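Q: Quick note, the sequences are listed as chains A and B, same order. Note that the numbering used here has the first sequence beginning at 1, numbered continuously upward. Note that the numbering used here has the second sequence beginning at 1, numbered continuously upward.
By construction, these hints were calculated from the structure, which means they are not laboratory data. This one's a predicted model, so the numbers in the text were calculated from it and none came from an experiment. Where is the CB? At the ideal position from N, CA and C, for every residue including glycine. Heads up, some of the hints might be wrong.
[As the list claims (entries may be wrong)] What the simulated footprint calls covered on chain B by chain A, stretch by stretch (three residues with Cβ under 8 angstroms from a Cβ of chain A suffice, anywhere in the stretch; the number is not a length):
hint, stretch
1, 99-106
2, 123-132
[What the hints assert, rightly or not] One side of the interface only, derived from the structure: several residues of chain A facing chain B at Cβ under 8 angstroms:
hint, residue
3, Ile95
4, Leu99
5, Leu131
6, Ile138
[To be verified] With a straight-line Cα cutoff of 25 angstroms, these simulated SDA-like cross-link-like pairs (lysine to any residue) come out:
hint, chain 1, residue 1, chain 2, residue 2
7, B, Lys166, A, Leu100
8, B, Lys149, A, Leu73
9, B, Lys166, A, Ser103
10, A, Lys46, B, Phe49
11, B, Lys166, A, Lys46
12, B, Lys149, A, Thr10
13, A, Lys144, B, Thr164
14, B, Lys166, A, Ile122
15, A, Lys144, B, His95
16, A, Lys46, A, Leu27
17, B, Lys149, A, Pro31
18, A, Lys46, B, Tyr139
19, A, Lys144, B, Arg154
20, A, Lys46, B, Arg63
21, A, Lys46, A, Glu76
22, A, Lys143, B, Lys149
23, B, Lys120, B, His95
24, A, Lys144, B, Ser165
25, B, Lys166, A, Phe141
26, B, Lys166, A, Asn59
27, B, Lys166, A, Ala50
28, A, Lys46, B, Ile56
29, A, Lys46, B, His9
30, B, Lys149, A, Leu100
31, B, Lys166, A, Leu73
32, A, Lys69, A, Arg114
33, B, Lys166, A, Arg114
34, B, Lys166, A, Glu148
35, B, Lys120, B, Tyr139
36, A, Lys46, B, Thr164
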Amino acid sequence: MLVVMRPSHTWLVASHGGHLSEMFDLLDYDPGSMLVVTYISDRASKLRNAVFVHNIGRNPLRFLVTLLKVMVLMSERRPKLVISTGSEIAVPVFIVAYLLRISRIYVESCTRVRTPTFTARIVYPLSSVFLVQSPELISSFGKKAIYEGGLV
Amino acid sequence: MIFVVTGMHPAGFDRLVRIADFAAAQSEEPWIAQIGSSQYHPRNFQTWFRFCSWEIARDHLDRSDTVVTHGGYTAVEAILRGRNVVAVPRRREFHEAIDNHQAEFVDWLVSQGLARTTEKSLELADFVADRSHLTSSRYTRARRALEEKRQRIRTFLRRVISVTSK
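Construct the entire structure; sequences and hints are all you get.
A: Structure, rendered in structure tokens:
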């Protein structure tokens with residue numbers, strides 16, 4: 001389901017709620033300036049310059065459908081960069097971006113102090129830049145993981 | 001005004017809504033609640049709704065004195081706006097979440113004096129009425145440290161984006 005599409009170098013990818021709010025805050029998001037890829041929800045429906053996908057949850061069929069949709073979109077639009085705060089929506093996007101050699105930044109949510117997300121573990125090997133917001137999380141990942149402030 | 005936030009979780013957060021509803025019965029102030037998919041029907045709030053747009057949520061955050069929230073990002077938004085924050089984590093034991101990261105997060109906020117936590121409605125009513133800790137030097141220091149840390153990662157991201165866009 002497409003809403004408004006404008007050429008956009010940077011895609012912001014986040015599931016609804018806190019992940020998206022955090023993304024907007026981290027980037028001082030100027031509404032409409034970057035394409036937002038997020039889940040269908042009433043809350044997000046008024047976003048300008050956005051693409052909506054179904055909530056993947058742990059549903060393999062939805063995952064595949066989203067993967068295909070993202071593959072078509074990303075091959076057409078060719079952003080330079082995708083940034084995600086999670087959660088699972090990052091996985092299909094990062095897989096496609098990895099294959100298309102599009103830069104990928106993952107930022108683990110600042111609400112994660114000691115226990116990383118399942119998503120983070122999956123996208124770690126796929127990320128160009130991988131940020132955690134608590135120094136305690138560094139030891140959960142390899143040497144690619146960076147801490148540059150955030151919460152703790 | 002007290003703003004209650006349960007977030008977007010598909011199962012809602014009945015326990016928080018119930019605690020807040022009982023606390024609201026002890027309170028003279030208006031309570032507005034976003035209850036998500038919770039099944040429990042509150043009786044003591046001035047207004048409640050399930051979900052709302054960002055603009056409305058931001059508006060409530062800006063106009064509230066106290067924010068009672070699940071242990072998610074809203075707690076950070078509320079703290080950065082200088083609100084009196086009470087955070088109630090979703091717990092795996094009650095099937096409210098798949099892990100206890102919210103409890104770890106809330107414990108950290110409490111350890112810094114940035115928020116308080118409770119599972120009891122009477123205690124919540126007390127916390128809502130008492131905002132004195134917001135003027136303490138401990139709180140001021142902790143909040144400034146949080147703002148600096150968030151600014152640091154924002155600056156880093158801006159730099160990475162501008163390098164990648166070239």
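Q: It remains to establish, for every hint, whether it holds in the given structure.
A: To see whether the hints hold, each was checked on the structure:
By the rule of at least three residues with a Cβ nearer than 8 angstroms to a Cβ of chain A, the coverage given for the stretch 99-106 of chain B holds, with 6 such residues. Coverage of the stretch 123-132 of chain B by chain A is violated in this model, with 0 residues showing a Cβ closer than 8 angstroms to a Cβ of that chain against a need of three. The beta carbon of A:Ile95 is not positioned within 8 angstroms of any beta carbon in chain B (closest approach about 19 angstroms), and the interface hint is therefore violated. The criterion of a C-beta within 8 angstroms of any C-beta in chain B is not met by A:Leu99, whose closest approach is roughly 18 angstroms, and the hint is violated.
The beta carbon of A:Leu131 comes within 7 angstroms of a beta carbon in chain B, closer than 8 angstroms, and the hint placing it at the interface holds. For A:Ile138, the interface hint is violated, the least distance from its beta-carbon to any beta-carbon of chain B being 14 angstroms, above 8 angstroms. Taking the CA atoms of B:Lys166 and A:Leu100, the gap is near 18 angstroms; set against the 25 angstroms cutoff, the hint holds. Pair hint B:Lys149 plus A:Leu73 does not hold up; C-alpha atoms about 35 angstroms apart against a cutoff of 25 angstroms.
Restraint check: the Cα-Cα separation between B:Lys166 and A:Ser103 comes to about 12 angstroms, which is no more than 25 angstroms; the hinted pair holds. Taking the CA atoms of A:Lys46 and B:Phe49, the gap is near 18 angstroms; set against the 25 angstroms cutoff, the hint holds. For the suggested pair B:Lys166 and A:Lys46, the alpha carbons sit about 31 angstroms apart, so the restraint of at most 25 angstroms is broken. Annotation: proposed proximity of B:Lys149 to A:Thr10 holds, straight-line Cα distance about 24 angstroms (limit 25 angstroms).
At roughly 17 angstroms between alpha-carbon atoms, A:Lys144 and B:Thr164 fall within 25 angstroms of each other, so this suggested pair holds. A C-alpha spacing of about 28 angstroms is found between B:Lys166 and A:Ile122, which places the hinted pair above 25 angstroms, so the restraint is violated. Using a Cα cut-off of 25 angstroms, the hinted pair A:Lys144 and B:His95 is violated, with the two alpha carbons roughly 33 angstroms apart. Under the criterion of a C-alpha separation no larger than 25 angstroms, the hint pairing A:Lys46 with A:Leu27 is consistent with the structure, at around 19 angstroms.
A hinted pair counts as satisfied when its Cα atoms are at most 25 angstroms apart, and B:Lys149 with A:Pro31 qualifies at roughly 24 angstroms. At most 25 angstroms may separate the alpha-carbon atoms for a hinted pair to count; A:Lys46 and B:Tyr139 exceed this at roughly 36 angstroms. Taken as a hint, the A:Lys144 and B:Arg154 pair is honoured in the structure, with Cα atoms around 19 angstroms apart against an allowance of 25 angstroms. Only pairs whose Cα atoms come within 25 angstroms are accepted, and A:Lys46 paired with B:Arg63 is accepted, the gap being roughly 22 angstroms.
Restraint check: the Cα-Cα separation between A:Lys46 and A:Glu76 comes to about 24 angstroms, which is no more than 25 angstroms; the hinted pair holds. A hinted pair counts as satisfied when its Cα atoms are at most 25 angstroms apart, and A:Lys143 with B:Lys149 qualifies at roughly 21 angstroms. For the hint linking B:Lys120 to B:His95, the alpha-carbon distance of about 19 angstroms falls within 25 angstroms, and the restraint holds. Of the supplied pair hints, the one linking A:Lys144 and B:Ser165 holds, its CA atoms being roughly 21 angstroms apart against a limit of 25 angstroms.
With a CA separation close to 29 angstroms, the supplied pair B:Lys166 and A:Phe141 exceeds the 25 angstroms bound. Between B:Lys166 and A:Asn59, the direct Cα distance comes to roughly 37 angstroms. Violation of the 25 angstroms bound is thereby established for this hinted pair. With a C-alpha separation of about 23 angstroms, the suggested pair B:Lys166 and A:Ala50 falls inside the 25 angstroms cut-off, and the hint holds. This hinted pair checks out: A:Lys46 and B:Ile56 have alpha carbons roughly 12 angstroms apart, not beyond 25 angstroms.
With a C-alpha separation of about 20 angstroms, the suggested pairing of A:Lys46 with B:His9 holds against the 25 angstroms cut-off. At most 25 angstroms may separate the alpha-carbon atoms for a hinted pair to count; B:Lys149 and A:Leu100 exceed this at roughly 33 angstroms. With a CA separation close to 22 angstroms, the supplied pair B:Lys166 and A:Leu73 stays within the 25 angstroms bound. For the suggested pair A:Lys69 and A:Arg114, the alpha carbons sit about 34 angstroms apart, so the restraint of at most 25 angstroms is broken.
Of the supplied pair hints, the one linking B:Lys166 and A:Arg114 is violated, its CA atoms being roughly 35 angstroms apart against a limit of 25 angstroms. For the proposed pair B:Lys166 and A:Glu148, the alpha carbon gap of about 22 angstroms is at most 25 angstroms, so the pair holds. A distance of roughly 23 angstroms separates the Cα atoms of B:Lys120 and B:Tyr139; the hinted pair therefore holds under the 25 angstroms criterion. Under the criterion of a C-alpha separation no larger than 25 angstroms, the hint pairing A:Lys46 with B:Thr164 is inconsistent with the structure, at around 29 angstroms.
Checked against the numbered hints given earlier, this structure breaks hints 2, 3, 4, 6, 8, 11, 14, 15, 18, 25, 26, 30, 32, 33, 36; the rest are met.
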